[in-house]
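*Asks:* Here is how the chains run, residue by residue.
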Amino acid sequence: EAGVAQSPRYKIIEKRQSVAFWCNPISGHATLYWYQQILGQGPKLLIQFQNNGVVDDSQLPKDRFSAERLKGVDSTLKIQPAKLEDSAVYLCASSGQGAAKNIQYFGAGTRLSVL
Amino acid sequence: DAKTTQPNSMESNEEEPVHLPCNHSTISGTDYIHWYRQLPSQGPEYVIHGLTSNVNNRMASLAIAEDRKSSTLILHRATLRDAAVYYCILRDVATSYDKVIFGPGTSLSVIP
Numbered sequence: 001e002a003g004v005a006q007s008p009r010y011k012i013i014e015k016r017q018s019v020a021f022w023c024n025p026i027s028g029h030a031t032l033y034w035y036q037q038i039l040g041q042g043p044k045l046l047i048q049f050q051n052n053g054v055v056d057d058s059q060l061p062k063d064r065f066s067a068e069r070l071k072g073v074d075s076t077l078k079i080q081p082a083k084l085e086d087s088a089v090y091l092c093a094s095s096g097q098g099a100a101k102n103i104q105y106f107g108a109g110t111r112l113s114v115l
Numbered sequence: 116d117a118k119t120t121q122p123n124s125m126e127s128n129e130e131e132p133v134h135l136p137c138n139h140s141t142i143s144g145t146d147y148i149h150w151y152r153q154l155p156s157q158g159p160e161y162v163i164h165g166l167t168s169n170v171n172n173r174m175a176s177l178a179i180a181e182d183r184k185s186s187t188l189i190l191h192r193a194t195l196r197d198a199a200v201y202y203c204i205l206r207d208v209a210t211s212y213d214k215v216i217f218g219p220g221t222s223l224s225v226i227p
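Which chain is which? The protein sequence lines are A and F, in order.
Start counting the first sequence at 1; every next residue gets the next number (this note's numbering).
Start counting the second sequence at 116; every next residue gets the next number (this note's numbering).
Just so you know, these hints were derived from the structure itself, not from any lab.
If you're wondering where the values come from, they're calculated on a predicted model, not measured in any experiment.
For glycine and all other residues, C-beta sits at the position ideal for the given N, C-alpha and C.
All the pointers check out, no bait thrown in.
Restraint ranges, calculated between C-beta atoms of paired labels, are given here: (1) A:Leu39 - F:Met174: 25 to 33 angstroms; (2) F:Arg192 - A:Ile38: 31 to 39 angstroms; (3) F:Glu130 - A:Ser66: 45 to 53 angstroms; (4) F:Ala178 - A:Glu85: 38 to 46 angstroms; (5) F:Asn128 - A:Leu84: 36 to 44 angstroms.
DSS-like cross-link-like pairs, simulated, lysine-lysine; straight-line CA separation at most 25 angstroms: (6) A:Lys44 - F:Lys118; (7) F:Lys214 - A:Lys78; (8) A:Lys15 - A:Lys62; (9) A:Lys71 - F:Lys214; (10) F:Lys184 - A:Lys44; (11) F:Lys118 - F:Lys214; (12) A:Lys83 - A:Lys11; (13) A:Lys78 - A:Lys62; (14) A:Lys11 - A:Lys78; (15) A:Lys83 - A:Lys62; (16) F:Lys214 - A:Lys62; (17) A:Lys78 - A:Lys44; (18) F:Lys214 - F:Lys184; (19) A:Lys62 - A:Lys11; (20) A:Lys62 - A:Lys44; (21) A:Lys15 - A:Lys78; (22) A:Lys44 - F:Lys214; (23) A:Lys15 - A:Lys44.
Looking from chain A toward chain F, a few residues come up when the C-beta cut is under 7 angstroms (computed): (24) Gln41; (25) Pro43; (26) Leu45; (27) Asn102; (28) Phe106; (29) Gly107; (30) Ala108.
Just chain F, same shape as in the assembly:
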């Protein structure tokens, strides 16, 4: 079973900010929070990741709760190209390898 839970779907208006939530109540101290997105007919692509502090990159921002049991992916200005399925997964960097488990993700629709 996935170690994260996300809403099945969300809607956003174009050019407005989008906040995509993820719960990971059983997160361990060595788990990084990763976000990927999958555009139609493509493989998933990496978006952002973080451990404890909030992170920003050219694609998005990641806000991590102080207790690390939840996080939020923030798209500052949604465009039609952001319509995709967004996956939140945990990666344990303390092991030589870790089992990667994707849940069903959140399907984001962007309304023009």
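Pulled out of the complex, with its shape left as it was, chain A reads as follows:
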């Protein structure tokens, strides 16, 4: 079974530039999560989708971050414009339904450096 795919693995940009990250969850998984992980900290949930609807985006800085999940499958997370404090690893995760619905499967993440 293929895992959660993320791209790119690394991205370096200058502040005020824009950047986008892509995530393809495990086939059939209805729930998709985007996390931000700053060095030395645990992952922080940014947004959670159930199919193509948003169920939690309370910690998403909506003035600069946006995310979409068209057709309820893959998803993109965008930052525009980026700030220095956005330097972090951005993790995507997905989960299925039934007895294992709360088990999340994570991608390897995208490491963003904002200079």
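Please arrange chain F on chain A, whose structure you already have, making use of the hints.
*Replies:* Only chain F this time, still in chain A's reference frame:
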């Protein structure tokens, strides 16, 4: 804030058992206890979860206190590949979705 507390770091000798503690004093009756671990430069991976009874799988064992206010992840024989950050989180299965909150976790070092 995370609903669990864990020690920042622990050390273990290779091939010895490791007991990683987690406190969750405000746990509710419908909260499952989940453990994940994160190897360097990788995303977190699921390890084990449980509700009330102790659980075993191929990776680890989970011991849950009778009052459910604490739990312990047990690695029976630590290897160098077990060096990682271990996260203990609570998941409420009674809601259609629940807010997932990771704390800083426990960084496990394994000494050869």
